[in-house]
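Participant: Based on the provided sequences and hints, a complete structural model is requested.
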Amino acid sequence: MKRIIIDREKCDGCLNCNIACISAHEEGSNFYTVNMQSPEAETRNFIKFDAQKGYLPIFCRHCDEPECVLSCMSGALEKDPLTGHVQYDESKCAACYMCVMNCPYGVLKPDKQTRTKVIKCDFCEDKPDGPSCVKACPKKAIEVKEVSL
Amino acid sequence: MNSNFSCKTCASADQKLETFISNLSVDTSHHRMEGQSVKCGFGLQGICCRLCSNGPCRITPDGPKGVCGATADTMVARNFLRAVSAGSGCYIHIVENTALMLKKTAASKGVLKGKVALAKLAEIFEINEADEHVCAEKIADMVLADLYKPDYIKMELVEKMAYKPRFDRWKELGILPGGAKSEVFSGVVKTSTNLNSDPVDMYLNCLKLGISTGLYGLTLTNLLNDVMLGEPSIRLAPVGLRVIDTDYINIMITGHQHSIFSYLQDRLIQDDVIEKAKAVGAKGFKLVGCTCVGQDLQLRGEHYKEVFNGHAGNNFTSEAILATGAIDAVLSEFNCTLPGIEPICDELKIKQICLDDVSKKANAEMKPFVFEEKESQSNEIIDAVIESYQARRGVVTLNMDADHGNDDTLTGVSEGSLKSFLGGTWKPLIDLIVKGEIKGIAGVVGCSSLTAGGHDVLTINLVKELIAKDILVLSAGCSSGGLENVGLMSPSAASLAGPKLRAVCESLGIPPVLNFGPCLAIGRLELVATELAEAIGVDLPQLPLVLSAPQWLEEQALADGAFGLALGLPLHLGLPPFVTGSPVAVQVFTQDMLNLTGGQLIIDDNAKSAAETLDAIIEKKRKELNI
Chain F
1 MKRIIIDREK
11 CDGCLNCNIA
21 CISAHEEGSN
31 FYTVNMQSPE
41 AETRNFIKFD
51 AQKGYLPIFC
61 RHCDEPECVL
71 SCMSGALEKD
81 PLTGHVQYDE
91 SKCAACYMCV
101 MNCPYGVLKP
111 DKQTRTKVIK
121 CDFCEDKPDG
131 PSCVKACPKK
141 AIEVKEVSL
Chain Y
1 MNSNFSCKTC
11 ASADQKLETF
21 ISNLSVDTSH
31 HRMEGQSVKC
41 GFGLQGICCR
51 LCSNGPCRIT
61 PDGPKGVCGA
71 TADTMVARNF
81 LRAVSAGSGC
91 YIHIVENTAL
101 MLKKTAASKG
111 VLKGKVALAK
121 LAEIFEINEA
131 DEHVCAEKIA
141 DMVLADLYKP
151 DYIKMELVEK
161 MAYKPRFDRW
171 KELGILPGGA
181 KSEVFSGVVK
191 TSTNLNSDPV
201 DMYLNCLKLG
211 ISTGLYGLTL
221 TNLLNDVMLG
231 EPSIRLAPVG
241 LRVIDTDYIN
251 IMITGHQHSI
261 FSYLQDRLIQ
271 DDVIEKAKAV
281 GAKGFKLVGC
291 TCVGQDLQLR
301 GEHYKEVFNG
311 HAGNNFTSEA
321 ILATGAIDAV
331 LSEFNCTLPG
341 IEPICDELKI
351 KQICLDDVSK
361 KANAEMKPFV
371 FEEKESQSNE
381 IIDAVIESYQ
391 ARRGVVTLNM
401 DADHGNDDTL
411 TGVSEGSLKS
421 FLGGTWKPLI
431 DLIVKGEIKG
441 IAGVVGCSSL
451 TAGGHDVLTI
461 NLVKELIAKD
471 ILVLSAGCSS
481 GGLENVGLMS
491 PSAASLAGPK
501 LRAVCESLGI
511 PPVLNFGPCL
521 AIGRLELVAT
531 ELAEAIGVDL
541 PQLPLVLSAP
551 QWLEEQALAD
561 GAFGLALGLP
571 LHLGLPPFVT
581 GSPVAVQVFT
591 QDMLNLTGGQ
601 LIIDDNAKSA
611 AETLDAIIEK
621 KRKELNI
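These protein sequence lines map, in sequence, to chains F and Y. If you number the first sequence the way the working numbering does, the last residue is 149 and the count never jumps. If you number the second sequence the way the working numbering does, the last residue is 627 and the count never jumps.
In short, the hints are calculated from the structure, not lab data. Idealized CB from N, CA, C, for every residue including glycine. There could be a bad hint or two in this list.
Simulated DEER-style distance windows between Cβ atoms [said to hold, decoys possible]:
#1 Pro64/Y x Leu56/F: 18 to 24 Å
#2 Pro110/F x Arg50/Y: 53 to 59 Å
#3 Pro110/F x Asn54/Y: 49 to 55 Å
#4 Pro110/F x Gln36/Y: 33 to 39 Å
#5 Thr19/Y x Thr116/F: 25 to 31 Å
#6 Ser38/F x Asn54/Y: 21 to 27 Å
#7 Gln52/F x Gly43/Y: 27 to 33 Å
#8 Phe185/Y x Asp129/F: 33 to 39 Å
#9 Lys140/F x Val67/Y: 27 to 33 Å
#10 Gly13/F x Gly498/Y: 49 to 55 Å
Facilitator: Structure, rendered in structure tokens:
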């Protein structure tokens, strides 16, 4: 199963992963055209800065025992048994945000504009080259690796 | 050295060059592209600001403004105006040096090879002076006087040089430039920390810089050089790596200031210097053209048949030219002199001498050109190059490619030589356009880059699409270097043109892509466009004429682009000039510019669709002219 593995030491905080994520979810856009000022622009990954530890890349881990899935009452969040990725079905979501409250890493968030859905990493399942954030990282601080469970 | 470089090189439209570079054991730009393939999204959109210590600030959903409050529109405009100012400064440096050279050449009663250019300038500048040296000095003084004016005093030659309808429009818009050097200064000041935040004001400022860059940096540099070095005349010439002759001591020249080589290139073919070369086992000296100064020598090649062996390639061919091992020295005076040549020169024991400190290479000898010392300096250069030749030949392995390039590139095309070729009048060309035998004209200009598909890839694909649509292509800049090396400037390329253009080319024995030489010659394209517009009696935006800088590379190209927009011409770029993060920039460049100057920016990295867009614009303009 594939996961995004983080090497925190390598992160420069350039936020290219943010642009890549927003672009991947704005249909037909690319790095030149993605609208960073759109109210709909949402990133699914975050870089926090800590004065002691430096940059902290925060990405969805598609956990083995995902708290978000366990706390989801409507069935909108499910762990795919084949890929191991936690996928979100917006049509089933009741916007109760139990997942947001239960995510131990603080990755999940309600969408800014309507507050009716959850913004969550989908591992760019529709992209043949894999997660856009990984491709866009100039430092290789995030990489897709095969992990065994 | 060079043990740690990528084995994967980027694509080139020039297949032979791509193969040659992929087999090299030295690191080149083509190798380094892979390591730089991940691009910064904020940089690409122009929404990163490094103007103060609160930054760098970037526009993100959570940070829609910089710490100072600068919006994406302000950031993009500041970055863009800074780039255009720098680009303008580069060209203004070139015209300043060229005018100083003409002034000193004239004052010392030196040889002035271009009588026609001298007379033309005298007429434009309204100088009535029989003595050619006095006349030339007056011309140089008038140019310099304008360049050195403060920004609040308008340059006087703009009205004399510019096409009247354009001048009037620029005046209405309040974008007539003051002293060209001061305008660069103003552009830099305006874009510093917490100064101008008005994007529209800054884009108008870019147009102003475009006018001073175009009329002085481009057009006048050509004409002043023509006075000293001779006017271009049309001929067939060899191009590509094949032009390097290992029997000679070879000097590769890079830069944009042809007149700096003026004395040296004559000196290299004098008997005593040839004897010096023979004494060390060479047949003599040859200059090998590279970058725009090579294009300039090629353009005026008729005057330099003996010393100039031909143009080998453009900016991103320079490393390959050195890697042949047959170049004994590099003389550089401006860009595009890539830092990447330095380790190659070290490894292959190639002497580097810089003649202008603006392009000082880290490991090169600095020998700033001094007019009064040109005789002794030239002798010193010649001795240093001979020493290099002796130290390296026989020691360094040669890696030649005699197949690269061709022997029949049509060169020497200029506003003057083309008109003469047509019989001293533009009427035959206008008739062909009116009849539709030539649908329109595309100026495909600017640099070569390694983006947009690879080295020269978009340029060459676009040009093939355009000529197939019966659009005559005129090229100036490193784009020419790529186009000639793949044979599109050879008469046989007529077979790639659409049926009507093909018939015209075959009857005249010319290729469908005409080689105006260096990027400076974008100024010559402006002269051609203006003369055509004058002959027809319309303004420039009405002509069935489009511009494209498919693989623009650098700040100078952006200043050129600002000139194109000021002229009111549609301008296509393969990749956006780091402005797409600003809705105002996109609106101004792609829509509002039509109402301001008549110009318009078109961004498209697809050769086919870009050609279709340009074709549609030409068709529309033809309809509006009722042809």
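Participant: Hint by hint, note whether the structure agrees.
Facilitator: Comparing the hints with the structure gives:
no., hint, verdict
1, Pro64/Y x Leu56/F: 18 to 24 Å, "23 Å, holds"
2, Pro110/F x Arg50/Y: 53 to 59 Å, "34 Å, violated"
3, Pro110/F x Asn54/Y: 49 to 55 Å, "30 Å, violated"
4, Pro110/F x Gln36/Y: 33 to 39 Å, "38 Å, holds"
5, Thr19/Y x Thr116/F: 25 to 31 Å, "57 Å, violated"
6, Ser38/F x Asn54/Y: 21 to 27 Å, "25 Å, holds"
7, Gln52/F x Gly43/Y: 27 to 33 Å, "29 Å, holds"
8, Phe185/Y x Asp129/F: 33 to 39 Å, "47 Å, violated"
9, Lys140/F x Val67/Y: 27 to 33 Å, "29 Å, holds"
10, Gly13/F x Gly498/Y: 49 to 55 Å, "53 Å, holds"
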